[in-house]
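Asker: The lines below spell out each chain.
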Amino acid sequence: MNLQPLYDVKERLEQAAIAGTGLLGEDFRLQRAAEGLKPLAAASPVFGKIDSGLDKLLSAPAAERSGLLLDVLALADAVVYTQGKTGMDGELEPLPAGAGQVQQLSYGQLNPLLTALTTTGGGRMEVVQSAWENHPEMFADFRVLPAVVDGLGDSYGELAELNAKILKQMGPAPLSLLKEGFDPAGNKSMARRVEVVSAIEGGHATPWLREVLPGAKKDVRVSVLTALGDDGENVPLLLELAQTERGANREAVLEGLAGQDGEAIQTFWKQELEKHSQSVKFLEPSNADWAIELVTAGLRQRLEKFLGCKERTTYEEGTDLTTWCWSLGHKDSSAMLDFWRWADSRMEDIDQLKDEKDRSLFFGVKLTDRLRDVMLHTGPGPLRDFCLELFDRRPEMTRYLHISVQAALLSLPAAAVYEKYSPYLMTEEPTEDAEHKETLNHVLIRALSEVYWNHKQGCHVIVMGQAIAQPLDSRWVGRLVRVACKPNMGRYCPFGGGDEVDGFDKKLVEQANPNDPEQRAQLVPYLRKRMTQTGSWYSYGLYLLMMGGSPKGVLGEAMKKGKPAYIYYVWFLLNRAYEVLPPAEVAELCQEVDIKQVRSAGREQAMAELVLPWTIERLQAGKPFPEWDEWHKMRP
Amino acid sequence: MDLTEQFILLQAPNPAAAENGRKLSRKGSFSALHRTEDGSVYWAECAGSGKTPYRVSIDWTNPDAPVCRCSCPSRQFPCKHALGLMFEQLAGKEFAAAEIPQDIADKKAKQAARAAKKEAKLDEPSKPKKTNTAAQKKKLAKQLEGLDMAEKMVDDLLSSGVGALGGAAAQTFDKLAKDLGSCYLTGPQTAFTRIALAVRTVQKEPEKAEGAYAEALRILVALRSTIKKSRVFLQGKLDAGSFTPEDSALFEALGGVWKLEDLRAIHSFKENAKLVQLSFDVSFDEAKKEYVERGWWIDLDDGKLFQTLNLRPVKALKYIKGEDSRFGVLEVPALYIYPGEGDRRVRWESAAARPLTEEERAALPKLAQPDLAAAGKLVKGAIKNTLAPKFLAVLVPIGQLGKIGDAFVLEDPAGARIVLRDRPEDGADHASTARLAMLPGAVPAGSALFGLMFYNEGDRSLCLHPYSVVTPDQIIRLQF
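Chains as they are written, first to last, in the working numbering: chain A, 1 to 636; chain B, 1001 to 1480.
Treat the hints as calculated values from the structure; they're not laboratory data.
A couple of the hints might just be wrong.
[As the list claims (entries may be wrong)] To be clear about the criterion: a stretch of chain B counts as covered by chain A if any three or more of its residues have a C-beta under 8 Å from a C-beta of chain A, and this derived list gives those stretches:
no.	region
1	1017-1023
2	1138-1150
3	1215-1223
4	1234-1241
5	1409-1422
Small disclaimer: the values here were computed from a predicted structure and weren't measured.
Glycine included, each C-beta is placed from N, C-alpha and C at the ideal position.
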C-alpha cells in the first residue's frame, strides 16, 4: 500500500499547526492532501477515520479548528507509528574488534572523567589528572578511550597535552582510534595524534607516516617530519626533504637528522653548517662524536677569528657565537675536554671579545657557565677532574672557583672541601688585596648558595644538578654566619606578608640541615640577631621555629623595629610556635607581642588587646592554643 | 560484604564528596584506626582544619546501609570524612581491634531502639486515612477550571500558530503556564513550558526547527488528549465523590505525585522482586530544571522492564542524594509499580544487594523478546498512545551485530533487522551507538541488546538506540 498520501496529510497538518488554524481556510495544500487520502480511506477504516476527521476540520468554524486539528493529527501520528518499517537491506559487515576494554564502572566513576574530557570550562584538568593518577585503568574503557583521543583537540591546550601524555603511556590500545579518521590536513589535534602514534610505535610508525606525509599540512606536517626522524631507516627520505622543505618543516627535518648517525649524516651536517651556521642549534641534544667534533671545531674556528686581533663582532656574529656556545649542550667526551682545555688556555683573550659598540660579549663567562652546567649533569670522570683542578691551576680566574668548589663538593669528602675552600670566606675585612679577596668571597658564597638541603632525599643537592658526595660540613654554617662581606643576593618574602629577608639569609636557612644540632646551634643565634636588626619578625620568627629555636626575648624588639602587621600573622607565628614550643613559652611570646605594631585599621589592634590576654590565660590554664576562628570571633 | 569503590560512590551525596574523601585517605589524614572485634563498627580520627581531629565512625551492622557518624559540622551526609574512612577500609589499612567507644555504643543503641520502634509501628494496623472532602472537592473543581484554561491556551496557540510563539507572546504564554500550577495542574504546566522551550530553540537555532516543531506538536497532541481525558476523569470523580488516587496514568499526567502508601492502596506492587539494572543514565530536564537519574531494570522472574527515576531539582540538588549505576541483583521485598503502560516506573523502600549468580547471568539474555517482530509490535502498540512517550525500552535477541555502510544494524536470530541509531532527543551525552564499534571482541552467541526503540521521523522507520549488550557472561553498558 502506498502510504505517501498519509504522510502528506500528516505533514500538512503539522504545517497548519505551525502557521495557525486561522489560515486553514486558505490552505489548498492541505485540501489537496486530504483529496489524495480518499482512495486509502476507501480501502481501510482507519484511513476512513482520518479522512472524516479532515472533512470535519476543513468545514469546522474557526473556534473549533484547533481541537479538531490536534485530534486528526493524533490519529494520523498513531497510524504512521504503526506503519513504521524496520530493517535495512544490504550485506551486513561484522563489527571489527574495537580497541577498548569492557569494565564495570559506574556512572559516579565514569561521568566526572567523561564530562571533563568532552565539555569545556574550568576544573577539568584536575579531574583528568586525578583519574589518571588513581585509576589509569579507566582510560582503557571503551567509553573513555575515544573521548581521550578526541580530547587531543581540546580547546584548553594543557588538557590536550595531558591527554597526549596519557595516550602515549597506554601502549598500542589507542592506535587504531588515532589512525581512524585521521586528517593529514587537519589542525593541532591531528598533529598531536601523530606525536602519540610516533611515541607509541617508534620506528614501526614509519609506513603510516610515509603514507600520510604527502597530504600533511602545517602543524601536522611538522609533526610527521619530526616523527620520521625517530627511525634511522628514514635518513634518505629526510635528506631529500631537507632540500625541499622550508621554514618550520625544514627545522623538523633537521631535528630528525640531528638524532641520526652515519657517513651521509656527517657529510650533510658539515655542508649544512657551512651554509646555515644557525642550524647548529639542532645539534644541541646530540652527543654523537661527529656532532661534538663539528660543534667544537666550528666554535673554535669562529672564536679564533676574533682572538688576538682587534676585530669587533657584528651583532649577527655575536648571536652566532652564542648559538654555537649553547649548542655545546651537555656534551662530554675527550674531544669536548680538548675543547675546554683550549678554551681555558685562551680564556683571557676570549674575555676580551667585544661587539661593534665596544661592549664586552662576556663570552668567557658564558663558556664557563656552560662548562659548569655540563659538569653538574655528568658523573665522575675526566671532565669533573678537569673542573676540580681548574681553579688550582688558574687562581687568577676567580670565576673558576665556582666550578671547582662545586666539582669538589660532588667528589671529595666534606671536611676536605671545607678545609680547602673555607679560607676564601672572609670573616674579617681584608687589609690587603681586598678587591681580589672580596671577589673570591662572593664567588664562593654564590657557589655555596646553589647547594640546598633536600628534605625529601635527606641530603644536600646542587640546584639543577645532583646530590653532593657527603653532607655539607657543619662548619660552613658557622663560618657563613660570621662572613664579613656579603654579595647582594636580592630580597625575598619567603612566607608572604611583605616581610622581607635578605637573599643570603634565605639561602643560609635553605642550606642548613635542620636535623643537625651543630648547624642549628650556629644558625639560631644568627637568626635572632638578624630578626632584631631587620625587624622582619614574622619571617625570621618562622625560620627560628623551623631551626628548633625560639623568637622569645627578641620578638618584641623586632616588632618595634618592623612594620605594622596584620594580626593574622601574629596568630600564625604563635600557632606555629605552639606546635614546637612548650605552652608556657608561647604564653610568654604572647606577652612580648607589641600590640602597637599590629595594624590599627580594621579594629585589628583592638582585637589584639582582647585576644592576647585571653590566649595567655587559656595557655596558663592548660588549654590548647586557640584556632584563628576563635580569635576572629572576638573581633570587637 | 566486600567493600567496593562503587559502593562507596553510591553512598556519597555527590561525586565531589567521594573524591574529597579519597583525597583525605590518600594524604594520610586518618589516625587511630580501630574496629570492633566482629568488624561491625569502624572508627578513626581524621585531621581537619582545626586542631582537634574529627571523630568518625561507620556502623556496618546492616552492610547495605552503613550508618556514618562524624563530629564535623558538614551538612552533607555522609560527610567526606566518613567516605574517607571507607576508602581507608577499601585500601586495606590496618584497623586495630578495640572495645567500641562508649559514645558510639550509646548512639548505636539509640539507633537500634529507633529502628525497633519503627518496625513495631509498621506491624500495627494502620489507621484509615482521613480525607478532607471539602478540600478535595475544591481541588478537583480548581483542576477542572485549570483544564478549561489549558484548553483555551491550546486553542489560542494553534489559532495564531505555534511558529508565532515568540517575544512578548512567549512571555504571556509562560505566565499563563505558571497559573496552571496554582490549579494543581503541574503536568500541563510543564507541557506548556516544553512547548515554549521548543519554539525558543527554533528562534535561536533555526537549523533545528524541524525537530523542535515536531517536538512541540507531539506535546500539543498529548496535551489535547490529557485535557480531554482528564476532564471526563475528574468530573467523574467529582460527581462520584471519590477522592482517593486511582490506578490511572492520568493522575501523573496532571502532575500528581504517587506516594508508596497510595500505590499499596491500589495494589500496584509486587512482593519479593529480583531486579537487575541494565543501564543507568542522567539527563537534564530544562523545562522542570531538574536532573533525571534513570535506571533501567529487568525483573529476573518474568523479564518485565521497569525504570526508576530519581528527580533532583537544581534548587535542591544538595539535599537530594544522587543515584548511581547498580551492579548485581537487588532483592526488593516490596516493589511499588506506578500505573500506566510501557516502561512503568518503580520504587521501593528497602532492598538488599547481592552479586548475580552464574545461572542468573546466563538467564538474562533469555528474557529478551522472542524476536524483533514481537518487540516492534510491542513498541508500536505503546507509542501510538498519545499519552505515552514515543519510545519503549526493549530487550531483543542478537543474531548478529554489524554495519551496512555507515549504519549500525542488529539482525535477530530469525534474520530480521533493525537500524541502531542514537535517539536525537536524548542529546549528544547519550550517544552510544558508535560505542558498539569499540567493543573488544565479537558479541557471543545467545546475547541480547537492551535499548530504546523509537520511531524515526526522518526515514519513517523504527530504530533502536542501544543502551547495553546483555551477554550470557556480563552486561556491557554502553551508557553507564
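Asker: Would you mind marking each hint as holding or not holding in the structure?
Answerer: Here's how the hints hold up against the structure:
1. 1017-1023: holds (count 3)
2. 1138-1150: Answer violated; 0 residues pass the 8 Å Cβ test.
3. 1215-1223: holds (count 4)
4. 1234-1241: Our answer is that it is violated, as 0 residues pass the Cβ test (under 8 Å) against chain A, missing three.
5. 1409-1422: holds (count 6)
When held up to the earlier numbered hints, the structure conflicts with 2 and 4 and fits the remainder.
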